[in-house]
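Colleague: Residue numbers (this note's numbering), protein chains in the order written: chain C, 1 to 331; chain G, 1 to 331.
Simulated from the structure, these hints should not be mistaken for laboratory data.
There could be a bad hint or two in this list.
What the hints assert, rightly or not - Just so you have them, the derived chain C footprint on chain G, three or more residues with Cβ under 8 Å: (1) 53 to 65; (2) 158 to 164; (3) 224 to 233.
Note that beta-carbon positions come from the ideal geometry of N, C-alpha and C, so glycine has one too.
Number of protein chains: 2
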Amino acid sequence: MEKIMNHPETIVNDMIDAMVLAHPNSLRRIDNQMIIARKEQPKGKVCIISGGGSGHEPAHGGYVGKGMLDAAVLGEVFTSPTVEQIYTAIKELDNGAGVCLIVKNYTGDRLNFDMATELATAEGIKVEQVIVNDDVSLDDDEDTSGRRGIAGVIFVHKIAGAKAEQGASLQEVKEIAQKAVQSVRSIGFATSSCRIPAATEPNFTLEENEMELGIGIHGERGITRQKMGSAKSIAQQLVKAILDDMLLEKEAEIALMINGMGATTKMELYLLYKEVSELLTDRDINICQSFVGEYMTSLEMGGASVTILKLDEELKALLNATSEAASFIVR
Amino acid sequence: MEKIMNHPETIVNDMIDAMVLAHPNSLRRIDNQMIIARKEQPKGKVCIISGGGSGHEPAHGGYVGKGMLDAAVLGEVFTSPTVEQIYTAIKELDNGAGVCLIVKNYTGDRLNFDMATELATAEGIKVEQVIVNDDVSLDDDEDTSGRRGIAGVIFVHKIAGAKAEQGASLQEVKEIAQKAVQSVRSIGFATSSCRIPAATEPNFTLEENEMELGIGIHGERGITRQKMGSAKSIAQQLVKAILDDMLLEKEAEIALMINGMGATTKMELYLLYKEVSELLTDRDINICQSFVGEYMTSLEMGGASVTILKLDEELKALLNATSEAASFIVR
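So that you can see chain C by itself, here it is in the shape it has in the complex (with noise of 0.2 Å):
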């Protein structure tokens, strides 16, 4: 399949202008940066500032909106924004209240988002920094970089912006964001792969009936490569793997999102919703929220992500909270 574009070497860019002029009354693009911002930034409020890679559409651009992200800085096509570019959203957004950072757990987010904060904060910004790393296919311990942020960043972000726009103070704002990132697992797989504009072959190969379990979102190593299974079967993998890290008593209260990775339609992520959500009422979760859709993808690759988030009151409320992220809007 090819892929509908001018030239891969301006698409991201070319990308940022389309969002702009698809939600002009919510949107703009700070100069000619690689920035999505809020048309309007109220005076005063804490700015919650987030971005990584491109091919993640909607993330990250569909989520700038209030009571959600104040900016999306963004990078290449699976790669990260420069420190330049983050640096210039701080100083462009900081109004005093200071900037929360949602950084994904990569490499390269993470150094270049530290080096940006480093700059901010020397020219006296108030800068704090929030690493997601949902992703409980890698264990915390192992000689790696630690664990992937995936689509439960979007509950970070949600949460944060929700506090934010509260009016709450930077410590505030980056304790629940911490509280949300402590409450959040996911878990992926793919059921074939993706190609970068700028590539001719795909990323990586699986035969016709494999899936890859575990994978991320880059397309990076997951746990296993398997005969692909049935709905259920999948499933119960992937329920299992989070539910063995993280504690769920009875009666506890979650939000479920089950996330499209791109080519796999909605039709199978409401049957792979279905599934999930039998395995947890059958151990008493309870479901407060649902999200069934495309949140964080991976190009057109096919596959899905189970993420939970475990809620409390708090954690409930800001999730409800109203939303005008082109996204993710709430009523």
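Fit chain G to the given chain C structure using the hints.
Modeller: Positioned in the frame of chain C, the structure of chain G alone reads:
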């Protein structure tokens, strides 16, 4: 790519259960029928019922909710819903104010919605039908059953639903829906095929660097099969096909939808949006509302469609009215 499912025979049935499980506060299933309905049906309101084959998710179940559809009647994948199911939905939902059926122009759908209308009318229920035929890739006078209904139907759902929510009469709802039908045009293209869950072979085949212009949402033949072009050249073809069929004077106001067919990334949909919107703006056409995403898919087919709805003040207000449908939330 294998599908995430248990059995091809139960896929639609399971999906209906899943949608109601995922949205328990807004949706209900009527008995064990293939019908997704609003949880609470207001008294005295005209009911809006639509539906069609499955495999187009989020159409049609995702458009059920306050301000949009009262029910979606579903068939198996790419198969019309049965007369009995449509009749059951009409009987179950009508509360005296009458029922407006929104039907896409396919032979099977037309036949079954017609027969159900006859049955219900014979019992004294007031039923009106509105036929949507927005696909400009077929000539109306061709030796076919006329133009197909594709993504434009979603605008018709929204406008009829908003009008009914305001307490309009059946006649008023029918008239505004017909005005929407007269004001909407679409055309789509495919960059890769899809496969029905019960089948072992794809619905059709396209070479790696080919696209088919004017293809239907079930893979029906298009106008031409051609080498894949740039986003710009595709946009030119699509806009020309629509504007050749639709009088849009300078300063005309429109809503624009770029709809993904399934496997195409949101990044590409935004790129196409940019090209289409620039062509329209060059002609001094005003884009008042934009929609970029998957609204009327064809399983995991690659490609997209463009829909233009010409607006007046009334249509604009109805399109902007609040909606609680899971896949078309308007604040």
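Colleague: With reference to the structure, classify each hint as holding or not holding.
Modeller: Outcome of the hint check:
Judged by the Cβ-Cβ criterion of 8 Å, the stretch 53 to 65 of chain G is covered by chain C as claimed, because 5 of its residues qualify and three suffice. Evaluation of the coverage hint for the stretch 158 to 164 of chain G: breached, as 0 residues show C-beta separations to chain C shorter than 8 Å, against a requirement of three. Counting residues of the stretch 224 to 233 of chain G whose beta carbon lies closer than 8 Å to any beta carbon of chain C gives 4, which meets the minimum of three for the stated coverage.
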